[in-house]
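**Q** Chains A and B, in that order, give the protein sequences.
All residue numbers for the first sequence refer to this note's numbering, where the first residue is 1 and numbers rise by one.
All residue numbers for the second sequence refer to this note's numbering, where the first residue is 1 and numbers rise by one.
A few of these clues could be false.
In silico DSSO-like cross-links for lysine-lysine, where the CA-CA straight-line distance does not exceed 30 angstroms [claimed, not checked]:
1. A/Lys188 <-> B/Lys143
2. A/Lys4 <-> B/Lys102
3. B/Lys88 <-> A/Lys188
4. B/Lys202 <-> B/Lys175
Worth flagging that the hints you see were computed from the coordinates, not collected in a lab.
Every value quoted in this text rests on a predicted model; they were computed, and no experiment measured them.
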Amino acid sequence: MNFKRLWVIFRSRNYEFFRDRSAFGWNFIFPFLIIGGFSLIFGGKSYNAYKIGLFPHATQISATESIDIPDHLKPGHPKNGDHIKLTGFPTFEEGMDRLKTHKIDFLLKIGPKPHQYWVSDSSPKGFVAEKIFLSGLAPEPDKKTAVKNEIGISDIRYIDWLFPGILAMNMMFSALYGVGYVTVRYRKNGVLKRLKATPLTAFEYLSAQLLSRIFVMMFSFSIMWVGGSLIFSIDVNGSLPLLFFVFFLGSMSLTSIGLVLASRGTSEEFTNGIVNFIAWPMMFLSEVWFSLEGAPQWIKTVSEIFPLTPMLRAARSVINNNAGFFDVSRDLTALLVMTSLCLATGAALFSWNE
Amino acid sequence: MLLEVKNIVKRYGNLTAVNRVNLSVKQGTCLGLLGANGAGKTTLIEIMEDIIDPSEGEILYKGKPRTGSFSQEAGIQFQETSLLLFIKVKETLDLFKSLYHKSMDVDELIKICHLTDIQNQFNETLSGGQRQRLLLALAMINKPEIIFLDEPSTGLDPQARHNLWDIIRSIKQQKKTIILTTHYMEEAQHLCDEIAIMDEGKIIAEGTPRELIKKYCGAATAVIPSNAFKKPIGSLSMKCREIKDSIEIQAEDMNVCLNELLSLGVDLGEMNVRTPDLEDVFLNLTGRKLRA
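Let the hints inform the model, and build the full structure from the sequences given.
**A** Below you can see the structure in the form of structure tokens.
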């Protein structure tokens, strides 16, 4: 191992990244656009509210108007909070059309008792909306048998949950494309062959690629974390150095997957397909966008083969639950094992020109 | 001998790209590997460079099989190489310099290879000639004992080509050993001390340019319009061939040639006489038909 050779390859790869203004800029702007967009769309709670259609009525329903429906569903009723959203339809047919296509969860005819309503048997939200509707019709004394207890923790916003996922997703694409795809391109256009003709060893080359990509990813992560904290007021309940360490190990394991991809092949199109084949399931099964709570056990088991899963679990535990090193040590070990396996595989399979 | 190629075979499936090639390269000489496209030149030179492994045979460097240190002593310019993007010319030279134990002074190399004006340009902005000069500089960066140049002037305009030849001549003056592949006969004639002509994976002729010309082309080539002949050219005792509307005659002795032509009543009014060159040797050996 010659550290001088490793250093010059590390430096040249960093030059490539930082001097390519379009790629460099996009690497930073893209996550902010995604987070900004999602916080704008999902920042309120309307996306999660139960949508109840009323007919016959004009589309807009004013918060102050009087409509002939049960009180507990009326706009502005204190028991509703923001959990029920009412939409008007001039005709029954229009309402049914929206109900059939799951654009609303429940359809109610405006008028005196007995109330008429329609609901889809295949819609879980429709089922709950029906229960809400019926519970409001039940006499109050029946409900006294249940005692409500409120949990006293601070509310975790969707953006708090989403932010580490977006950073991790950005890291994943950066690792797979920045190492896997780029190395295949180098092999195809002869850069690797030219390097093979020098005393540089495959181990030195791969180590330089790995370190360069980790450096770039941790640099991007730091910038984005600071930016995210300032713009979206993201707070870390746990230790910031531990969070940094979690992302560092995560970036190592993701980059080592990139090295496996980079080990062979000269077709950029094929590599692009393989990157997508790995990235998309990893993104959806590792809870970047939504929780897998309630998903079948086999899906949860499959999700554990992706490094993004332990990485995000550990990161969210540190950010939201004030988890310490030992609390996340199982996930950190998983990341180390994945990194070792992928590095060994990538190094064993690596070829300069095939 | 600095480099010895012994019984080298390279197969790709059913295709034999290099077929039992033997070659010896003396220290301080420039060996030219000539051949049509697909003759096996690049495969052979890449085996010599230790970039690809042969199916059979061995390469000896300084009388011994090559070791890991061979890459420290060899300078290589491939036929097609992309350079790292967003890296400047001088930075590229500095990068490659750092990969070797011994190296040339980068500023001196920049001067030798006429890179002064473009040393702060990014690699991807270079023209064809500038790129080739940079690749040649990279091949020389480690003060190599042996330099491999695979079609160094392909695709260059005449000025850029002559400029590159000047640089290669200056390398020759330093008594470096050069192995060069080309399909430009003029290039081989200008630069090479020894020539090996390849065809279908085999070496079909070997020697100095002068030896090859003498052996395969005679002292002079006479070119006479076909309609100047009153009798069929089969009646000529000298080696000749018909090319379009002309007959090319390879004469060992011009006096004998002229006497014979006059005795056959050939009209010599439009006869041209020229000294044969490597192109004549090459075409005589490999034929004029296009290869598949």
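**Q** All hints, please: hold or fail.
**A** Each hint, compared with the structure:
1. A/Lys188 <-> B/Lys143: Holds. A/Lys188 to B/Lys143 sits at ~28 angstroms (cutoff 30 angstroms).
2. A/Lys4 <-> B/Lys102: Holds, because 13 angstroms separates the two Cα atoms, which is no more than 30 angstroms.
3. B/Lys88 <-> A/Lys188: Given that 30 angstroms is the threshold and the Cα spacing comes to 21 angstroms, the pair holds.
4. B/Lys202 <-> B/Lys175: Status holds; Cα separation ~28 angstroms.
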